[in-house]
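If you read the protein sequences in the order shown, they are chains X and P.
Under the numbering used here, think of the first position of the first sequence as 1, with each following residue one higher.
Under the numbering used here, think of the first position of the second sequence as 1, with each following residue one higher.
Some hints here could point you the wrong way.
What the hints assert, rightly or not - Cross-link-like lysine to any residue pairs, in silico, SDA-like; alpha carbons within 20 Å at most:
hint, chain 1, residue 1, chain 2, residue 2
1, X, K201, P, I147
2, X, K163, P, K87
3, P, K201, X, E172
4, P, K26, P, G44
5, X, K201, P, L149
6, P, K203, X, K197
7, X, K201, P, R135
8, X, K197, P, D165
9, X, K203, P, K203
10, P, K201, X, I147
11, X, K197, P, S128
12, X, K203, P, K134
13, P, K203, X, Q144
14, P, K163, X, E157
15, X, K201, P, K203
16, P, K201, X, S152
If you are wondering where the hints come from, they were derived from the structure by calculation, not from laboratory data.
Protein chains: 2
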Amino acid sequence: MDKAEHSGKLFIISGPSGAGKGTICKRLIEETKVQLSVSMTTRGPRPGEIDGVSYYFTTKEEFRKEIENGGFLEYAEVYGNFYGTPKEKVLEKLEQGIDVVLEIDIQGALNVKTVYPEGIFIFILPPSMAELRKRITGRGSETQEAIDLRLSQTLKEVSYIDKYDYCVVNGELEEAVARVKAIVVAEHSRVSRNIYKLIEKYKEEV
Amino acid sequence: MDKAEHSGKLFIISGPSGAGKGTICKRLIEETKVQLSVSMTTRGPRPGEIDGVSYYFTTKEEFRKEIENGGFLEYAEVYGNFYGTPKEKVLEKLEQGIDVVLEIDIQGALNVKTVYPEGIFIFILPPSMAELRKRITGRGSETQEAIDLRLSQTLKEVSYIDKYDYCVVNGELEEAVARVKAIVVAEHSRVSRNIYKLIEKYKEEV
């Protein structure tokens, strides 16, 4: 039995950096009706960024107030700025029957799980550590030492996989995207409270 | 966390008569690698039927012996003949990594669930009782009274839906087939013991 009461579902796409969660998430938004959650941030808008589309822009004071009110599914501080997923905004969409996807790191996903366990948690894995090393090295932005640290960090993070519902190995992108799409479809066929409405309708008909 | 240890998965497609489970099942076998389970029966082979392909043909004595040995995932007696799903044959395929589908009625599915709870149970529903009535009436083989009895039977059966993992409403066949296919793909992405093998491999690599 499914726990969710909302007709829209929340998909959390997570996994180590370099596994390709960003690309998969982008494809999901482009090719299905699933919508990306808009984050709230305290950093200033960059040229072209639109409030409520790129981010919800706010002040540190307001952000801290929201944290105290339990207003975030998850949040983090990065280089002195706060970033968070506003709970209310996400729930509004779910209530309207809209699927929402969050792309976040593993710590963030674990936080979401405590606040919204009805979410569907998908872990994106690289096909091998050798491949992950290749991908990170390819970016050319990190030292060998930093890469080694990153990989050992990844090994630790991967141990949280048993908190997730699904795991998709991103070896071949098209296949990984197809799998994530299949998960979205399948999750809408889960036996849930919604189906009881249909059965009630049956009873009236007979 | 998934319970299954076999790399192949057992899908049980079930639902009331007239919901279209037979058609969906046929399409699944034709269009994916999922294989249909071959039943064992005590009725004699008809012209063209091949032992081990159409059915496993056997005697009533042997069949009863198998029942006593717990050799069936489910079985039933129909018009004096026995029909059953041989457990060993199904498990052999699952161990080889082959997905197997069973198309059975609701009572049969509930029996399979007690023997093999790791199975993935899919309930096929008609879009409405009016539509189900139309489909059964269309076959022209039953009296009005028999149809009424069938529909009230269906209502009772539908109450077992909470024993199932998925529920697919067969209003538009193509959509229903796509949903069942998505379930097969998604179930192979469930976090299961198999994924820990990959993680062990990661550890060796770092």
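Structure-based check of all given hints:
no. : hint             : verdict
1   : X:K201 to P:I147 : holds, 19 Å
2   : X:K163 to P:K87  : violated, 32 Å
3   : P:K201 to X:E172 : holds, 19 Å
4   : P:K26 to P:G44   : violated, 24 Å
5   : X:K201 to P:L149 : holds, 18 Å
6   : P:K203 to X:K197 : violated, 48 Å
7   : X:K201 to P:R135 : holds, 18 Å
8   : X:K197 to P:D165 : holds, 17 Å
9   : X:K203 to P:K203 : violated, 55 Å
10  : P:K201 to X:I147 : holds, 19 Å
11  : X:K197 to P:S128 : holds, 12 Å
12  : X:K203 to P:K134 : holds, 16 Å
13  : P:K203 to X:Q144 : holds, 18 Å
14  : P:K163 to X:E157 : violated, 34 Å
15  : X:K201 to P:K203 : violated, 53 Å
16  : P:K201 to X:S152 : holds, 14 Å
Against the hints set out earlier in the document, violations occur for numbers 2, 4, 6, 9, 14 and 15.
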